[in-house]
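Peer 1: Chains H and B are the protein sequences, given in the same order.
Start counting the first sequence at 1492; every next residue gets the next number (this note's numbering).
Start counting the second sequence at 649; every next residue gets the next number (this note's numbering).
Because the hints were derived from the structure by calculation, they are not lab data.
All C-beta atoms, glycine included, are put in the ideal place defined by N, C-alpha and C.
Any given hint could be a false lead.
Ranges between beta-carbon positions, derived for each pair [to be verified]:
no., chain 1, residue 1, chain 2, residue 2, range
1, B, Lys661, H, Phe1644, 47 to 55 Å
2, B, Met658, H, Ala1512, 45 to 53 Å
3, B, Arg902, H, Leu1656, 40 to 48 Å
4, B, Gly737, H, Arg1594, 45 to 53 Å
5, B, Ile891, H, Phe1567, 33 to 41 Å
6, B, Gly843, H, Gly1579, 48 to 56 Å
7, H, Arg1744, B, Leu686, 27 to 35 Å
8, H, Leu1656, B, Ser662, 26 to 34 Å
9, H, Phe1567, B, Pro746, 38 to 46 Å
10, H, Arg1744, B, Met649, 34 to 42 Å
Facing chain B, from chain H, some residues (calculated, C-beta under 10 Å) [said to hold, decoys possible]:
no., residue
11, Thr1519
12, Tyr1535
13, Tyr1583
14, Arg1671
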Amino acid sequence: MQKYLAIFQIRFVNSLQYRTAALAGIATQFAWGFMEILAFQAFYRVDPSSFPMTLSQTVSYIWMQQAFLALFMNWFFEPEIFNAVLSGSIAYELARPIDLYSRWFCQAAANRLAKAVLRCMPILLVAFLLPEPFRMSLPASLPQFLLFLIAVFLGLGVIVSFSMLVYVTTFYTLSPIGTRLIAAVLADFLAGAIIPLPFFPQPFRTIAEWLPFASMQNMPLRIYSGHIAGHDALTGILLQIVWLTILILAGRRLMSRALRHVVVQGG
Amino acid sequence: MRLYLKFFTMHLKSQMQYKTSFFLTAVSQFLVSFTALLGVWFMFLRFNEVNGFTFPQVLLCHAVVLLSFSLAECFGRGFDVFPQLIGNGMFDRVLVRPRSAVFQVLASQVEFSRIGRLLQALVVFIYAIPASGILWTWDRVVTLCLMIICGSFVFFFLFLVYAAISFFTIEGLEFMNILTDGGREFGRYPFAVYGKAVLGFLTYVIPLALFQYYPLLYLLGLETSRLYMLMPLLSLLFGIPAIAFWRFGLHRYRSTGS
Chain H
1492 MQKYLAIFQI RFVNSLQYRT AALAGIATQF AWGFMEILAF QAFYRVDPSS
1542 FPMTLSQTVS YIWMQQAFLA LFMNWFFEPE IFNAVLSGSI AYELARPIDL
1592 YSRWFCQAAA NRLAKAVLRC MPILLVAFLL PEPFRMSLPA SLPQFLLFLI
1642 AVFLGLGVIV SFSMLVYVTT FYTLSPIGTR LIAAVLADFL AGAIIPLPFF
1692 PQPFRTIAEW LPFASMQNMP LRIYSGHIAG HDALTGILLQ IVWLTILILA
1742 GRRLMSRALR HVVVQGG
Chain B
649 MRLYLKFFTM HLKSQMQYKT SFFLTAVSQF LVSFTALLGV WFMFLRFNEV
699 NGFTFPQVLL CHAVVLLSFS LAECFGRGFD VFPQLIGNGM FDRVLVRPRS
749 AVFQVLASQV EFSRIGRLLQ ALVVFIYAIP ASGILWTWDR VVTLCLMIIC
799 GSFVFFFLFL VYAAISFFTI EGLEFMNILT DGGREFGRYP FAVYGKAVLG
849 FLTYVIPLAL FQYYPLLYLL GLETSRLYML MPLLSLLFGI PAIAFWRFGL
899 HRYRSTGS
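The following block holds chain H by itself, in its conformation from the complex (with noise of 0.2 Å):
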């Protein structure tokens, strides 16, 4: 367990460095989450009674999806694992005392976890300050923001568990982008990247709410804004360890047949 920290704490600090490109991520992000909230507002003025969630549960949703942005992107993947295949270090990998999926597990949640650190602060201080419609609210009571942070890490786990799939596919196919990108794209989508699941028309809601990808951010954040609560958190909440389980089953079960037939490319 303690070298697993340790992996987390060095990939951690190293991605507390990058800070210009931080405060360039949050003003993107914040003008991104601006525009966000002005369109769902044009929607809103058309017909509020046909919104799925109250206007303040979207703002809500809205700023936590940005300032956790590195926590919930599918897109955001680790060049390095990539690497590690395509160049044949995986060899050293392989030599180390240490279990590879955990490795690279840790890696990847570590870097996402640092660069939300770094970016959510000051996105989530100014949503807070902001006027009326744009203000961020907080959450309901303290269980919901207890069980908004168990669904945060629980999230966390489902998506880098989920990316680990993708890195073990390119054993097997050993050019990445393709698959890469067409799972990250899908799986944003059915996520509530693009419009939350609530907006989702039936039958397409129900069958996105019990896929691996209703765990990723749509959880925390419905929680967060209150959209779930209570009895639906918990319940939501076993789902993710539910996905969270048969994930990373799958990733090890996968990983350890890919290395048994690996090829160490390139000398």
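Given chain H, put chain B in place with the hints provided.
Peer 2: Quick look at chain B alone, frame taken from chain H:
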């Protein structure tokens, strides 16, 4: 021009060497904008209109922006990856050759996989042009063509500004993405949807609305003044500060080479 054609065929041939990779990238390009489209469609299943625009009318906007962006990106890709050229010092080689820098950067990359997005824009046009309920008189056809052509130029100028910034910062600035990628993403709705302040900004500062929102009003017959039809031409004025900024950056350029 002949030289550019030569480069063009060269890039085409080289990218066709990796057919699977090309195909997959094109498919994923298609998917990226397809999910955005799906999002718009889902919203319109719930709400019938936004700011008085119906679904096919919004699609017309979406397709114009998508098509002009893809064209600009396809040919202006060199400027998109320009910060790398500066970063590794390769730009020095560009400067010693007897052709203009803009031309060389332009010719250095042509990204054909953008065809995925292009195709989608065309499909959307095929649906939206009859469905939007517009009576297609010749002046409206001209307006639509102007929207697409001028739109491509405006996006291209934005790429140019993005590249020129890297003369000063060496790195690409993520913030410009809000104007390029953001312009593409948020251009799926007529810009008036975002309110007066944003519309003003996109009219007078970064003229994205000039080739999207105002001529759309003319297309829909909401405005009959010819001025609205010719608005896209006005957006080309953005080229003046963009090119001036590029020149200024080029003038100030100091090599990072090794």
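Peer 1: Each hint should be assessed against the structure and marked as holding or not.
Peer 2: A quick look at each hint next to the structure:
| no. | hint | in the structure |
| --- | --- | --- |
| 1 | B:Lys661 / H:Phe1644: 47 to 55 Å | 50 Å, holds |
| 2 | B:Met658 / H:Ala1512: 45 to 53 Å | 34 Å, violated |
| 3 | B:Arg902 / H:Leu1656: 40 to 48 Å | 46 Å, holds |
| 4 | B:Gly737 / H:Arg1594: 45 to 53 Å | 35 Å, violated |
| 5 | B:Ile891 / H:Phe1567: 33 to 41 Å | 35 Å, holds |
| 6 | B:Gly843 / H:Gly1579: 48 to 56 Å | 54 Å, holds |
| 7 | H:Arg1744 / B:Leu686: 27 to 35 Å | 32 Å, holds |
| 8 | H:Leu1656 / B:Ser662: 26 to 34 Å | 32 Å, holds |
| 9 | H:Phe1567 / B:Pro746: 38 to 46 Å | 43 Å, holds |
| 10 | H:Arg1744 / B:Met649: 34 to 42 Å | 57 Å, violated |
| 11 | Thr1519 | 5 Å, holds |
| 12 | Tyr1535 | 9 Å, holds |
| 13 | Tyr1583 | 27 Å, violated |
| 14 | Arg1671 | 8 Å, holds |
Of the numbered hints listed earlier, those contradicted by the structure are 2, 4, 10, 13.
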